Amino acid sequence: MDELLNDFLAETSEHLEAAATQLVMFETDPSNAAIVSSIFRLVHTIKGTCGFLGLTRLEALTHAAEAVIGRLRDGRAATPEMVSLILAAVDRIKLILTSIEADAAEPPGDDAALIGELEAQLDAVEFGEAAEAARLEPMLASAPIPFAAPATPSTGDVAKRSETIRVDVSSLERIMVLVSELVLTRNQLLEIHRRKEDEAVKAPMQRLSSLTSDLQDSVMRARMQPLSRLFSRLPRLIRELAVETRKKLTLVIDGGETELDRQLIEVVRDPLTHILRNAADHGIELPAERLAAGKPEAGTVRISASHEAGYIAVSIADDGRGLDIERIKDKALARGLVAAADVDDLQPEQVYRFIFLPEFSTAAVVTSISGRGVGLDVVRENIETIGGSINVTSTLGKGTSFNLKIPLTLAIAPSLIVEAGQQRFALPQQSVVEAIGLGEGSSHRVEHVQGAMVLRLREAVVPLVDLHDTFGLPRDAARARLAVVMRFGALSFAVLVDSVADVQEIVVKPLGASLAHLSMFSGHTILGDGSVVLILDPVGLARSHGLTQSLELGVQHIPERFIPPREQTRLVLFRAGGGALKVVPLSLISRIESATGAIGVSDGMLVMQHRGFLMPLLTLNGGGTVEDAADHPVLVLGIGGESVGLVVDEILDIVEDFLDIEIASGSPGVIGSARIARDVVEVIDTSHFVKLARPDALARGIVSRFSVLLVDDRLFFRDMLAPLLAAAGYRVTTAQSGRDALFLLSQGAVFHAIVTDTDMPDMDGYSLTREIKRDPRNANLPVIALAANTAPIIGEAAAASGMCGVVGKFDRAALIAMLRDNLDVQTLGPHGLEERIIREFAA
Amino acid sequence: MSVPRPADRPRAAPTVEIVDRRCFTVVSAGRTYGLPVEHIHTVFEMTAVTPVPLAPPAVLGLINLRGKIVTAVSLRRRLRADASEPDGSRIAVGIDYRNENFALVVDEVGDVLTLEKAAAIAMPPHLGAEGVPIEAVYRLEGLILPILDLEWVLTFGKERS
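If you read the sequences in order, they're chains C and W. Residue numbering for the first sequence follows my numbering, starting at 1 and increasing by one per position. Residue numbering for the second sequence follows my numbering, starting at 1 and increasing by one per position.
There could be a bad hint or two in this list.
Claimed, not checked - Reference listing, derived: stretches of chain C covered by chain W, where coverage requires no fewer than 3 residues with Cβ under 8 Å from a Cβ of chain W:
id: 1; region: 469 to 475
id: 2; region: 508 to 514
id: 3; region: 517 to 531
Keep in mind that the hints were calculated from the coordinates and are not lab data. These figures come from a predicted structure and were not determined experimentally. Note that beta-carbon positions come from the ideal geometry of N, C-alpha and C, so glycine has one too.
All chains should be built: construct the whole structure from the sequences, respecting the hints.
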């Protein structure tokens, strides 16, 4: 039977059941407004749906009945005749429904007599109001055929239906809760039994245990629903999308019988719909394009579901144009999500992850179907909230496939019970890859890099999160230590614990509202021994240590990295400030001196004589005394004629190696960790030390040219002005709308000036400026307006919204002059510095 | 473990008059306070407490109260707003508030009192000085009883840890 019809029947019979008592009350108290309107709604709903399903007989009947009930609802007094007619109509509706259930079609015959009587009632109530009757006239002509009771159910479908009952979801939930409690109690008993074995109890104990497991399983199964419930709506959606997009679409569904917890089915509904819309809108090409590409005219979207170990895999694959990896890279670059230096190193998998970021759409045209703000980021979030994951694979020209992994159920999760600082925590096993012993003789090493720990795991270096530090737990040196390695999408990290105590199935309970802000815990549970443990949330844990961001967003923090990628870099390898070895690119060091003799303290800062000038001296951990620095090597960072000395303990070597930052750093003064030869080293961020010693120098943009954001909705102007600005020595980022510009700023992008078109759809340049200026940090950020002309009124509007000036769009010279004037305010010294930096860049 | 107490009976008696109110008295750091009786359902002695790292200081931890996980809150720390204040008491008042289960840890529990409206006195101006909002004050025999504002008691800063 048609899935829609089936749903309709199930829903309607549910409604009718609910209305049964109301009908009885209606009989005794027909003037009760609440009851009348509830019956009205019931009939109205049925009428609406059966029109849609093409059930004409039912439609005519409900229409007539609705009209009469409508009169009552409007306050007409009910007569006994009306009441019994309405009840008769409801009975007839039920009969017809039963018959539809049996034969999947309306029974023959019509209800003209009944409808006639209903109409007559209407007429009696409202003199001469017979508009409806006229419409139904033809039906009156045929002889009234009494309704024949349906024959015994004949189809297998019906037989199946008779064996199912609809159970209120809440009672199912209640059973689930009880079973969960039962599981806990069973575990408690088992625990006691384990400590105090008693032969007499042993057999019944085992029986109880297996029965409980079976019960748990059965209840879980009862909550399961086939995915076809979800899939049944999709063909319709595809039809609609085909019309809207003027494409030919075929939908193939596989594995609809796969079952999933009903709670999860609801959560998956929206993401699935969204991905399908995306596939139809962006994935599949127009018929002509497809033919030109040698593909069949009709695009195919294949949805398949299957049961994997412990989870459900759902994939939505289209045979469309595939993701354009270069375009995604460009967009990511424009958004400042990844440094230009890194972009070519990204694996396709990493590039595709960008499309799951907020407001990251590569669609050129925003259609009514997708591209309305609700993006794949929401999809990913929905899936991840339920402990699932999503990834995308794609072949240009061949198609795209979104792959979802969804846990079977939310309620019960197999977990590792770990111990740290004498406290136990549950760690969902789903994300655990392995546990690695770190005791004596372990081949895996923990290294301290830039104040954080990393684990050398075979070929990889993974960040290590110490639960003791994170939670301020006492450390027991005697305990064996374990690193539990977790994987989360593309992110791996390890959690350092004392030991793994147990593996248990736990019933996840959410934290109360007053603790829900602790993002590192996803909930709590009661263990077999009755104690309460907190459940660690790997995502929250990673996020609070700044791990997910850097991996998900490519490179999150904007500070410049002037390390050339993928070519060997000459590096100074040195020891300083304890911890791992440090490196600095040799190109940034102008000389290596020795701090001999002429060291002094001036203005609270260590200084030494260097080529007739005083040079500030810094140690890696800041401060330091004359004694600390004496006779130590000093790396002289030459920055535009101003030097800063970095005191180190020992210079070990100058090496030439590939410099790949494996872990970006959050701590100041360190860019990140890299592997040089066989050592994990910290790459020093020289700009940090320059900033400390020569704050003015940094304000001038030591490490970069001035950065200008160009906002214009028209590509023509962006393409015209961006090279112009670049040629004038500015680093240019473009944005095509005010919203994009604000997004860049919100992501922490730093600009020294903003040049914006005034007249843009959505958000004009004035509003954008006001929005930017709302942030007090941007008070001195020059914003220059680009206008078609420079009429006085434009100047006034610009000044009122906080802009520093207006230039005509075609007046290149004025634009450059205004930029220079405004940026020179920030400049304290000559431009020689910038020129030198540019030369260094070019070199 | 549950200690039979007058409060351990069903919720507010149906006979409560609008003008009078019933409250449950507790002692914390030598002072007696009243708690509105409506939200209190049990008094018990805590056994194992699981500390919650990074939680607000007033939260002592989580406990298993007959299969339910409840958040144990130290009234002593809450009143003093002092994170380091030790709270060795094991006596807790089970409170259901805002759909959340709490165990308010106090030094001693008293009785359920019916407070007549006539006994209400004007709030002494210096009473809120410690930053502890008091809902009302009643004059009883030999005792001035401040009624604590549960909303305040069970709303603790989330920013500190």
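A quick look at each hint next to the structure:
1. A stretch counts as covered by a chain when three or more of its residues have a beta carbon under 8 Å from one of that chain; for the region 469 to 475 of chain C and chain W the count is 4, and the coverage holds.
2. For the region 508 to 514 of chain C, the stated coverage by chain W is satisfied: 4 residues place a CB nearer than 8 Å to a CB of that chain, which reaches the threshold of 3.
3. Proximity of the region 517 to 531 of chain C to chain W, defined as three or more residues with a beta carbon under 8 Å from a beta carbon of that chain, is established by the 9 residues found.
The earlier numbered hints are all upheld by this structure, with none contradicted.
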